[in-house]
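Visitor: Sequence:
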Amino acid sequence: MRTLSPEEQALGRCDFVHSHARARPAAAVLQLPLSNPFFRLAPLEFVSWFRFQFRIPQLARIANANADGVEQCIAGCKDRNVDLHGNHAHSGICKATKRGRGLRHRLMKNVVCYHAAKAGCIPSWVTEETAPDLLLDEFTVEECSTMFYTNPTAEFAQRTHEVLEALRAATSLPQDQRAARLAELRGSLRELMDSIKGGHSVRPDGTILHPASQETVWFDTAGTHTTCKSHLVAEHKHTLARRAAGRDGARMASARLLEEYRIKIDRYALLAAIAERQLLDGMRPVAPLVLPVVVSTHGEFCPGAVELQEWLVEKYRLRLLLEGPRDDGEVPEDLTACFRRELRASLLLAMIRGTSASLNAAGLPTRFKPKATLIGPPNP
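Under our numbering, think of the first position of the sequence shown as 2, with each following residue one higher.
No lab work stands behind these hints: they were computed from the structure.
Computed from a prediction, not measured in an experiment: that's the story for all the values here.
Only pairs whose alpha carbons sit at most 25 Å apart, straight line, appear in this in silico BS3-like list of lysine-lysine:
1. Lys110 to Lys96
2. Lys99 to Lys230
3. Lys96 to Lys79
4. Lys79 to Lys230
5. Lys96 to Lys230
6. Lys99 to Lys79
7. Lys110 to Lys99
Pairwise CB distance ranges, derived in the manner of DEER restraints:
8. Ala245 to Thr154: 29 to 37 Å
9. Glu143 to Phe17: 48 to 56 Å
10. Pro212 to Gln176: 23 to 31 Å
11. His162 to Arg285: 18 to 26 Å
12. Ala235 to Arg285: 33 to 41 Å
13. Ala213 to Ser20: 42 to 50 Å
Virtual Cβ for every residue (Gly too), placed ideally from N, Cα, C.
Given only the sequences and the hints, what does the whole structure look like? Please build it.
Guide: This is the structure:
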């Protein structure tokens, strides 16, 4: 029996992971109401994304396929195979796909902000200039630009999470014990901040304020691809375990999705700890929720995305109850269910549009913009 080459083994793993993804958005997209313009895909977007979903090679664009029928990147990438699983398009190396990744990120932020406003909240984006506002201007722009790690070590992240949990637990202490405990935790937090060398600025994508309760969410959006070369072995192993777990495995999220979610939780842990300390100091009425919103190219949602979804649904329900009975006879239960479906579908569409843009640009020269005329085969 012939031994499979590493490339063939990787191809088999990609097929396995792709075909057993926990959430396949194809069926959901086919049921979307086209009355919403955001749910209408252009022909080029629809064709490229559906070919990706069903593991069909993208339509020929470069006309330089190798002996295996795989087109080759002409944008200067080391790994030139423009594969059908979208690994080249989502590798982060092909410069031509940068626009698609940026589009995905921007659309996901827009979706969250739109539905936050619909739920009666006040959304806002966070920029470098407005980053100090997150911490109530306790620190200057210059201080905020060097006081965090974008990718903290496991040891630093663990220490930060311990301080964060201790600060949260301190809120329930009796008043006579809280002062001494808070002084101790202030020192621990200051030690963490002083230990940072060569720090950077970290800021979430945006904030959501619920005016009535003053509850605040700091959200950060991202998309992730589960079969990229650096994650494929771990994802394949996790998919095998998920399959072996039977019904219990149906609730297991992608390994890469959870990894990206944890990375963001660790990144913003120090920011959340400072906010918790400000709550104990009486500087803010409630501590913000830090919720990363990570969606995979196969349509899986991370725990933070689900939590933000339900938080917004609850705020939308409260808004409906405050407004009272409607003239059209719709009840809050039906309207909140529709709101939930629309939010999830919109995040999927944001992912699809960005993914399609990356797939259509993969392998092409950096400044080349795909046109709808490229959906046909090349001329002989």
